[in-house]
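Chemist: Okay, here's what each chain looks like letter by letter:
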Amino acid sequence: MTLRQRRDDTGELVTRAAEGDPAAWTALVDRYTGLLWAIARSYGLEPADASDVVQTTWLRLVERIGTIRDPAATGGWLAVTARHESARTAGRRIPAAPYVPPPPGRPDEVVLARERLAQVAAALRALPSRCRSLLRLFALAPAGYAEVAAALDIPVGSVGPTRARCLAKLRRRLAGEPGER
Amino acid sequence: MSPVNDDELMDRVRAVFATLEPVPGGVRAAGLAAFGFRDPDAALLELTTELTAAGPATGVRGGRPRAFTFTGTGLAVEVEVTGEGRSLEIVGQLVPPGPAQVRVRCSTGELTCRVDAAGQFAVTGVPAGPVSLLFRLPDAASIVTSWVCL
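Residue numbers (the working numbering), protein chains in the order written: chain A, 889 to 1069; chain B, 606 to 755.
Next comes chain A alone, as it looks inside the complex (with noise of 0.2 Å):
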């Protein structure tokens, strides 16, 4: 599907949802809770806090969507408002512990290591966050640029070189060169 035709068929849910079609509401939950929740995690947040702000987003875009001017931009919206929305949660909390690596043998782990994605995993964690951020929103997204664009609040244009340069210092990583954090 073209980045066009997303625009114009989230347009045509939102469109459909504010007039109390239900159909067109699960739709848009499921094409955008991956890219939310992406979202509310790359500011570190837990998993309480993290659902906390994906659902008030959906309730954010449920009190308006009577009003909304542009519904073909809803995708945008919905990443902007996650995103002040993670930040406002993320300043009332106590900063997290920094990562720690879990110890060998858990059971996502043991799943890792069977489908050989270990090295990724150690490498993905290896990377800035900035890099992480991205490529965990591509990973759980199934979004276009300008949605991940306004997640990151990065220019549109600036999305797809970014994430080459993500790939590339993940694929240095991988063949064992230190590269830079």
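Calculated from the structure, these hints are not laboratory results.
Just so you know, nobody snuck in bad clues.
Heads up, incomplete: computed chain B residues facing chain A, CB under 10 Å, no partners named:
(1) Arg617
(2) Ala635
(3) Leu637
(4) Arg643
(5) Ala647
(6) Glu655
(7) Arg669
(8) Arg671
(9) Gly734
(10) Ser737
(11) Ser751
(12) Val753
Backbone N, C-alpha and C define an ideal beta-carbon position, used for all residues, glycine too.
Knowing the structure of chain A, use the given hints to seat chain B on it.
Modeler: For chain B alone, coordinates are given in the frame of chain A:
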């Protein structure tokens, strides 16, 4: 690892995040449930200011008193929130003052109370999480505050 192109590498990244940081099922369910709060006839009061009392946070989930102002056409609501966890207290003032019914809508359901003739109200036992106030005025008009996460 054998050389892979960007798409193949992205597939592996996707598999790692799907395994280590999957979106919990409850998050989708809460998103679907949000549609139940759609109320096309209610007038929306937007959040215009939010203040948090100075001083160190007292708990992992916040704990400092906060003040919110919601504003719409010809009407405003000022709200103070104290406490933490599952037992927040909300004290509020309708401007201009006047009687009304207020329903505090939150993740566990609704709490109802009366706004007195001076426009004041107080609700206890509000759980942390997304909250919105729904006012029914004597002329049957409905007014809602924008959702905020307490």
